[in-house]
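With the sequences and hints as input, model every part of the structure.
Sequences listed follow chains A and B, in order.
2 is the number of the first residue of the first sequence in the working numbering; add one for each residue after it.
2 is the number of the first residue of the second sequence in the working numbering; add one for each residue after it.
Be a bit skeptical, because a hint or two may be false.
Remember, identical chains collapse to one label, so a pair may be satisfied in a single copy or spanning two.
Computed list of lysine-lysine pairs in BS3-like fashion (alpha-carbon distance at most 27 Å, straight line) [said to hold, decoys possible]:
| # | residue 1 | residue 2 |
| --- | --- | --- |
| 1 | K347 | K55 |
| 2 | K8 | K347 |
| 3 | K393 | K365 |
| 4 | K243 | K389 |
| 5 | K12 | K267 |
| 6 | K12 | K121 |
| 7 | K267 | K85 |
| 8 | K54 | K184 |
| 9 | K277 | K19 |
| 10 | K207 | K253 |
| 11 | K103 | K253 |
| 12 | K54 | K147 |
| 13 | K104 | K37 |
| 14 | K121 | K37 |
| 15 | K335 | K12 |
| 16 | K147 | K55 |
| 17 | K267 | K277 |
| 18 | K228 | K55 |
It is worth saying that the hints were derived from the structure and are not from the lab.
Protein chains: 2
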Amino acid sequence: MTMRQSKLFVKTLRVAPKDEESINAKLLIQAGYVQKLMAGVYSFLPLGLIVLKKIENIIREEMNRVGAEEILMPALHPVENYEKTGRQAIEDLFHTTLNNKKKLVLGQSHEEVVVPLIQKYISSYRDLPLAVYQIQTKFRNELRAKSGLFRGREFIMKDLYSFHLSEDDLDVYYKLVQTAYQKIFDRVGISAKTFLTYAGGGTFSKTSHEFQTITESGEDTILICDKCHIAVNEGDLNLFPKCPKCGGELGKSTKSVEVANIFPLKSRYSDAFGMKVKDNNGQDKSVIMGCYGIGVTRLMGVVAELFCDEKGLIWPQEIAPFAVHLIGLSNNVKAEAEKLYEALQKANVAVLYDDRDSSSAGEKFADFDLIGIPIRVVLSDKTIDQKKVEVKYRTSQKIELIFIDQLISYINVW
Amino acid sequence: MTMRQSKLFVKTLRVAPKDEESINAKLLIQAGYVQKLMAGVYSFLPLGLIVLKKIENIIREEMNRVGAEEILMPALHPVENYEKTGRQAIEDLFHTTLNNKKKLVLGQSHEEVVVPLIQKYISSYRDLPLAVYQIQTKFRNELRAKSGLFRGREFIMKDLYSFHLSEDDLDVYYKLVQTAYQKIFDRVGISAKTFLTYAGGGTFSKTSHEFQTITESGEDTILICDKCHIAVNEGDLNLFPKCPKCGGELGKSTKSVEVANIFPLKSRYSDAFGMKVKDNNGQDKSVIMGCYGIGVTRLMGVVAELFCDEKGLIWPQEIAPFAVHLIGLSNNVKAEAEKLYEALQKANVAVLYDDRDSSSAGEKFADFDLIGIPIRVVLSDKTIDQKKVEVKYRTSQKIELIFIDQLISYINVW
Numbered sequence: 002m003t004m005r006q007s008k009l010f011v012k013t014l015r016v017a018p019k020d021e022e023s024i025n026a027k028l029l030i031q032a033g034y035v036q037k038l039m040a041g042v043y044s045f046l047p048l049g050l051i052v053l054k055k056i057e058n059i060i061r062e063e064m065n066r067v068g069a070e071e072i073l074m075p076a077l078h079p080v081e082n083y084e085k086t087g088r089q090a091i092e093d094l095f096h097t098t099l100n101n102k103k104k105l106v107l108g109q110s111h112e113e114v115v116v117p118l119i120q121k122y123i124s125s126y127r128d129l130p131l132a133v134y135q136i137q138t139k140f141r142n143e144l145r146a147k148s149g150l151f152r153g154r155e156f157i158m159k160d161l162y163s164f165h166l167s168e169d170d171l172d173v174y175y176k177l178v179q180t181a182y183q184k185i186f187d188r189v190g191i192s193a194k195t196f197l198t199y200a201g202g203g204t205f206s207k208t209s210h211e212f213q214t215i216t217e218s219g220e221d222t223i224l225i226c227d228k229c230h231i232a233v234n235e236g237d238l239n240l241f242p243k244c245p246k247c248g249g250e251l252g253k254s255t256k257s258v259e260v261a262n263i264f265p266l267k268s269r270y271s272d273a274f275g276m277k278v279k280d281n282n283g284q285d286k287s288v289i290m291g292c293y294g295i296g297v298t299r300l301m302g303v304v305a306e307l308f309c310d311e312k313g314l315i316w317p318q319e320i321a322p323f324a325v326h327l328i329g330l331s332n333n334v335k336a337e338a339e340k341l342y343e344a345l346q347k348a349n350v351a352v353l354y355d356d357r358d359s360s361s362a363g364e365k366f367a368d369f370d371l372i373g374i375p376i377r378v379v380l381s382d383k384t385i386d387q388k389k390v391e392v393k394y395r396t397s398q399k400i401e402l403i404f405i406d407q408l409i410s411y412i413n414v415w
Numbered sequence: 002m003t004m005r006q007s008k009l010f011v012k013t014l015r016v017a018p019k020d021e022e023s024i025n026a027k028l029l030i031q032a033g034y035v036q037k038l039m040a041g042v043y044s045f046l047p048l049g050l051i052v053l054k055k056i057e058n059i060i061r062e063e064m065n066r067v068g069a070e071e072i073l074m075p076a077l078h079p080v081e082n083y084e085k086t087g088r089q090a091i092e093d094l095f096h097t098t099l100n101n102k103k104k105l106v107l108g109q110s111h112e113e114v115v116v117p118l119i120q121k122y123i124s125s126y127r128d129l130p131l132a133v134y135q136i137q138t139k140f141r142n143e144l145r146a147k148s149g150l151f152r153g154r155e156f157i158m159k160d161l162y163s164f165h166l167s168e169d170d171l172d173v174y175y176k177l178v179q180t181a182y183q184k185i186f187d188r189v190g191i192s193a194k195t196f197l198t199y200a201g202g203g204t205f206s207k208t209s210h211e212f213q214t215i216t217e218s219g220e221d222t223i224l225i226c227d228k229c230h231i232a233v234n235e236g237d238l239n240l241f242p243k244c245p246k247c248g249g250e251l252g253k254s255t256k257s258v259e260v261a262n263i264f265p266l267k268s269r270y271s272d273a274f275g276m277k278v279k280d281n282n283g284q285d286k287s288v289i290m291g292c293y294g295i296g297v298t299r300l301m302g303v304v305a306e307l308f309c310d311e312k313g314l315i316w317p318q319e320i321a322p323f324a325v326h327l328i329g330l331s332n333n334v335k336a337e338a339e340k341l342y343e344a345l346q347k348a349n350v351a352v353l354y355d356d357r358d359s360s361s362a363g364e365k366f367a368d369f370d371l372i373g374i375p376i377r378v379v380l381s382d383k384t385i386d387q388k389k390v391e392v393k394y395r396t397s398q399k400i401e402l403i404f405i406d407q408l409i410s411y412i413n414v415w
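This is the structure:
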């Protein structure tokens with residue numbers, strides 16, 4: 002994937018938007034990744050969509066690895082399904098009506114759809130366990146939506162649902178998904194600041210888990226056990242007054258944002274729809290479920306907020322929109338820059354090529370810092386005389402001069 | 002991409018669903034590609050999602066080729082934007098309300114969002130032309146939704162919007178997109194039955210164009226000029242009584258379904274939002290727009306309906322969920338079948354491997370016919386004795402015996 006900056010319709014903004022309170026939205030809008038349509042509702046611009054797809058693909062790979070099958074369920078749900086589970090009055094559901102007066106809600110999660118969907122295909126213990134997931138747009142009627150991508154009215158989630166014959170079998174899969182989630186947060190670049198967090202399970206389970214990422218602007222508060230790299234949600238200290246793993250004291254309160262949650266649903270939703278299978282004695286048994294969510298667009302906001310400085314974004318390598326930001330500084334170096342752009346394309350290096358004639362060196366450098374691509378490669382009159390390019394990482398101040406014909410192997414080594 | 006049929010949670014159905022009237026929904030549900038949540042609202046199951054993504058990627062490639070930039074706009078739209086264009090009272094809009102009483106609609110197209118989005122980045126003729134597209138879920142409050150994927154209340158569309166300084170420039174791009182669309186329909190496999198169709202342009206343009214695909218169950222009617230491979234929409238015969246290209250007589254009325262439309266919007270929407278740019282004399286000029294839609298999920302339904310027989314689906318090669326349906330017929334051939342499955346995987350052949358122990362040969366063959374993968378490869382006691390496999394195309398009755406170690410080169414040749 003390569004792109005010429007002159008062809009991008011989006012331009013970075015000189016100053017951060019004044020109508021945003023959150024760091025993530027300020028930065029992502031200023032750098033041209035997203036645009037706000039209204040509070041909690043954003044459009045993804047070309048670079049933003051690339052990052053989003055990269056995050057989605059990491060999640061997809063790890064979900065496929067734990068044997069989950071990808072599907073895609075609708076956003077329009079019949080309200081009858083919610084009457085069966087008793088969730089029709091949830092405050093932050095969006096409601097709408099068909100022209101024939103039938104009442105609908107917009108999905109903010111999919112238990113009410115996935116249970117009847119799976120129910121059509123399972124009848125015996127032989128059909129279990131199974132797990133399905135989707136990466137899909139959700140709607141939540143938030144009264145306040147001021148945290149940018151942290152709390153959207155419309156947002157993308159990955160939601161996984163697993164179906165089991167027994168709670169023991171659920172437990173095994175539940176732990177497997179925990180590990181997959183840790184892998185995802187590792188690949189996305191936030192694992193050092195992300196904690197498996199113990200929380201209450203509501204009325205039908207003792208414990209559920211969240212993954213909370215430390216950030217000043219988070220709306221949650223957790224207490225961390227440094228030794229075990231796990232945490233407890235402040236709201237559930239009554240259940241977990243000490244570290245649930247080592248029994249030691251928990252640290253002080255820290256602000257965090259929930260990037261994922263996993264929940265043993267047991268038979269709460271399967272019973273509501275009468276979803277049962279025959280066990281190996283021919284007896285009807287309730288199907289035991291787990292659900293596992295990751296806020297995909299939220300995750301993008303979290304990464305933006307964790308990896309930035311006063312100049313702009315600093316994308317972790319695996320989800321950066323491009324690996325290299327190639328900058329040509331004058332018309333004299335145009336031919337050489339075009340050649341290098343082509344060579345990088347051929348070597349399968351993802352490049353954003355700043356080929357704009359009308360921008361100054363200062364503007365181009367400021368854009369590199371704001372957009373946050375990991376490596377800056379600059380061709381100028383001076384470097385060209387030595388058959389070299391200037392290479393600088395976004396995370397470092399050091400500038401190195403590398404022979405042009407050694408650039409690709411230099412980048413690959415890194 | 003490979004998959005074991007024993008791991009698929011979806012099972013084909015013995016009989017077509019009785020609550021569907023349309024051939025496409027009957028077949029796609031029976032073969033396990035989609036499931037109905039309610040009329041006009043479907044879930045995409047694992048095989049259905051693979052086909053859908055293949056269609057999306059064909060469209061994406063051809064859109065990128067005409068220089069359009071991919072973005073992703075939201076489904077929740079503020080109704081104020083529709084008050085500006087006068088479209089707030091369209092009958093088939095879905096309405097919903099924020100908890101703070103603000104009124105929203107669910108997008109069925111995105112003129113009201115894309116114009117203010119682009120407006121923030123353009124000011125001069127130098128910023129034009131530009132084109133953006135998205136592949137995104139749309140909502141339409143259809144009173145009747147009984148044609149399966151042909152007419153959804155929730156459906157996926159590709160919508161492209163182009164922005165120009167002059168009508169001449171729009172005309173050039175408009176023709177380029179026509180060609181891209183023809184390429185898409187060619188790759189998807191429906192070009193022989195798909196016609197560029199002339200239609201009226203409404204109040205602000207003389208002509209628009211549709212792409213109509215001939216099918217008995219279509220809701221539209223077209224008249225074809227065989228010589229030019231173009232058509233006229235019956236509703237617009239007053240505008241085009243003869244072939245708009247050669248001036249010859251049009252053929253008789255034929256039922257068809259609209260798979261795409263392209264529309265010169267001119268300044269209808271840009272003026273509503275006051276979107277202007279400075280021309281090279283410094284004068285404000287209205288931006289001239291075109292819009293170009295393809296019904297992505299509808300296209301999947303159309304292909305299903307065009308390519309089927311009494312036994313099931315017959316996917317065209319480029320969008321088939323897999324290239325090969327590998328079937329092992331007994332436990333004796335299991336080891337050999339597993340080896341072949343692995344070899345095909347290594348050779349990057351997309352395989353669905355029917356490794357189910359509990360199904361009969363008859364059931365497996367019926368599933369192959371129903372699911373509609375292009376090539377069936379069967380291992381049985383008999384073929385194994387000769388170190389061979391049985392190869393049959395879905396489109397042919399002929400069965401060939403091929404040496405196992407020649408299978409991959411045999412398939413690649415095809």
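Hint by hint, here is what the structure shows:
1. K347 - K55: For K347 and K55, both the intra-copy (21 Å) and inter-copy (25 Å) Cα distances are at most 27 Å.
2. K8 - K347: Result: close within a single copy only, 20 Å intra versus 39 Å inter.
3. K393 - K365: Within one copy only: 14 Å inside a chain, 59 Å across chains, cut-off 27 Å.
4. K243 - K389: So K243 and K389 fail the 27 Å test inside a copy (58 Å) and across (65 Å) alike.
5. K12 - K267: Between. Shortest inter-copy distance 25 Å satisfies the 27 Å Cα cut-off; intra-copy 49 Å does not.
6. K12 - K121: between (50 Å within a copy, 9 Å between copies)
7. K267 - K85: Only inside one copy: K267 and K85 sit 16 Å apart there, 50 Å across copies, limit 27 Å.
8. K54 - K184: both (17 Å within a copy, 25 Å between copies)
9. K277 - K19: between (54 Å within a copy, 24 Å between copies)
10. K207 - K253: Intra 24 Å, inter 70 Å, cutoff 27 Å: intra-copy only.
11. K103 - K253: Neither way: K103 and K253 sit 51 Å apart in one copy and 40 Å across, limit 27 Å.
12. K54 - K147: The answer is within: 24 Å in one copy meets 27 Å, while 34 Å across copies does not.
13. K104 - K37: Classified as between: cross-chain Cα gap 17 Å, same-chain 29 Å, threshold 27 Å.
14. K121 - K37: between (40 Å within a copy, 11 Å between copies)
15. K335 - K12: within (21 Å within a copy, 58 Å between copies)
16. K147 - K55: Classified as within: same-chain Cα gap 25 Å, cross-chain 37 Å, threshold 27 Å.
17. K267 - K277: For K267 and K277, only the intra-copy Cα distance (12 Å) is at most 27 Å; the inter-copy one is 58 Å.
18. K228 - K55: Close neither inside one copy (32 Å) nor across copies (47 Å); limit 27 Å.
In summary, the numbered hints that this structure violates are 4, 11 and 18.
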